[in-house]
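Trainee: Keeping the supplied structure of chain R fixed, place chain U upon it in accordance with the hints.
In order, the protein sequences belong to chains R and U.
Residue 238 in the working numbering is what sits at position 238 of the first sequence, and the numbering runs on without skipping anything.
Residue 151 in the working numbering is what sits at position 151 of the second sequence, and the numbering runs on without skipping anything.
Since the hints were derived computationally from the structure, they do not count as laboratory data.
It is possible that some hints are incorrect.
Said to hold, decoys possible - Taking lysine-lysine and the BS3-like style, the derived pairs with C-alpha atoms no more than 25 Å apart in a straight line are:
id : chain 1 : residue 1 : chain 2 : residue 2
1  : R       : Lys345    : U       : Lys66
2  : U       : Lys218    : U       : Lys182
3  : U       : Lys345    : U       : Lys66
4  : R       : Lys345    : U       : Lys345
Stated by the list, open to error - Chain U stretches covered by chain R per the calculated footprint, using a threshold of three residues with CB under 8 Å from any CB of chain R:
id : stretch
5  : 117-128
6  : 169-180
7  : 340-350
8  : 353-366
Every residue gets a Cβ at the ideal spot worked out from N, C-alpha and C, and that includes glycine.
There are 2 protein chains.
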Amino acid sequence: MKSSDTEHYYAMIMAGGGGTRLWPLSRQTRPKQMLSLFDDRTLFQTSVQRLTGLFPPERIYVVTVKDQAAELHAQAPEIPAENFLPEPQPRGTASVVGLAAVAIRQRDPQAVMAVLTSDHFIGNEELFRSLLKSAFDLAMEGYLVTLGIEPTFPATGFGYVQRGELLGTYRQLPAYRVKRFKEKPNEDQARAMLAAGDHSWNSGMFVWRVDHILAEFKHQMPELAAALAQIEPTWGTPLRMDALERVWPGLKTETIDYGIMENASQVAVIPASGLGWNDVGSWDSLFEVLPGDENGNIIMGGEHVGLDTQKSLVYMSQEHRLIVTIGVEDLVVVDTGDVLLVCHKDQAQRVRQVVNQLKQQGKNYL
Amino acid sequence: MKSSDTEHYYAMIMAGGGGTRLWPLSRQTRPKQMLSLFDDRTLFQTSVQRLTGLFPPERIYVVTVKDQAAELHAQAPEIPAENFLPEPQPRGTASVVGLAAVAIRQRDPQAVMAVLTSDHFIGNEELFRSLLKSAFDLAMEGYLVTLGIEPTFPATGFGYVQRGELLGTYRQLPAYRVKRFKEKPNEDQARAMLAAGDHSWNSGMFVWRVDHILAEFKHQMPELAAALAQIEPTWGTPLRMDALERVWPGLKTETIDYGIMENASQVAVIPASGLGWNDVGSWDSLFEVLPGDENGNIIMGGEHVGLDTQKSLVYMSQEHRLIVTIGVEDLVVVDTGDVLLVCHKDQAQRVRQVVNQLKQQGKNYL
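This is chain R alone, in the form it adopts within the complex (with noise of 0.2 Å):
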């Protein structure tokens, strides 16, 4: 990158989310961005780590729900405090990156920005670096730019991206116009799609100029951008939290996909492979990313004795305890002192269904 222009790249991390996929390890108060699984890190270090060398801290933003913005700046005290913007409710990716876009207008009208998750594992990070300014390259052009996950099987809970003409080739990467964005689709069409080797996955990571965001805005999401507009002056000043919280209670719930992507032109993906990319969407998710032992066990703290024990995740946060397992396989055990989970891997996605019914029925441990 020149730094003529690498002094306008911002950086933006979507760090609200209070998912209940990992539960019961990830608690609302405790969401999976602030996990530490593959390491001692947790996964927003881990997000914002992988951007060094790319972005100065003072570059780097961080949306976030108002209660976890003081957690995520002690994990992360390199980024500046008024960097961190907080959600007062959540209203969807749509007014996150809007809100986002503003405050770095507000800086800088040249800006150019990339949007990127903080509780997704990413193996290779050089190659994510790459992919992440080839984007750049491509969003000075004027394209709204998506980065695509080369699907590896027919996952039904992800979006798609399909691939039109080649644009051309930034650093070595291909980057294709955006033919068709298709949210989650039912397994026979996951199957098509992957079959028809055209499509990669909605990696939820985006790069785009600040000014050509904010047009999209003004366009398809008017209601958006007029909020949008009454906050933006009062960015700096002491009223930033007032308008923010007259504003954003009135804000339509709207995903950045579905609010702006689907029909907005100038869209272009930069498909990637060999990024070792995992939204650690759930326990058994942990299976393709992290190595199990010679049963194909991954043992997660605690003193573990298995016999006959086969392809299991065993997750302890409890030092001094013994988790023994005899005649399991495809087990997931889950351990966090107040809450036990043992739950077949197939079906590791229905911890939702739990955390929901807790939910409704006032109950703790959520």
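Mentor: The following block gives chain U in isolation, referenced to the frame of chain R:
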């Protein structure tokens, strides 16, 4: 029973086991007979209370290991303290029976004693009491009586007793001469015995005249008889513990079955069916005794949420803790705070293997 007979009737409960078959709930210091599995009474308490109406408490003896005597007395305070006979070290059931026999003979030379277990489940207590009465009648006639259990499957974990000629009917229960004792068989042998229809499981419960069994000891186990002869005169004197502790370490460890019953003459069996007897010998045995819910699950303690959970047992020693099971079948989950066991029902016997492994490694949790 004529009161003239019954005043010579005694019961001896063997409560010395340090069983680990229900580990991690049963421990060295909390053997199976001290657990409350079926109601708020311990198995030992149930074993004592089952005798109500048959023996006054002062004619109930309990043989146990030294460390557990105080706790057992606390659980059955109606039994006089001097009736708790402490084994200095475990030396098998032959020594235990011999000790109780000399203690009882010292008090009542005409005594007839029942040898009973402390850690089994008996569903039909009325029938059990009838069976005991029949066995006392038969013992009065000079038989060593064993209580047989009608086998319901080809168990390899129990000894068997083969019936010979019918000796008569005692209070409507037929009694047979014992043709043969067979120690724990292999699976083929077990199937053959079940098919033959003339075998009972050896319940480990016996009734005999004290003078009769002690004569057998003198004949078949002269060393043990000699050792007991050293202890007997000290009984009821302050020297009793000294004598016990001097003599006991030199005893050979032997079972009453192998040491006496297999080669005794005048051995009879009263086969019991419908007793609802269960040795509670491993976690899976609880499924035979405890009623499951509509999915065949047995939930003991804790708060449980199950999705797609069948024929599983969940035991939780702590309150205020949630167990969630999803997509599991035939699973045993036992949480005792310091240990969590997750085990396929069919492999519940292997808990012993884990205990042995921990023992060898000098670990705690035993």
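Trainee: Which of the numbered hints are not met once you compare them with the structure shown?
Mentor: 1, 3, 5, 6
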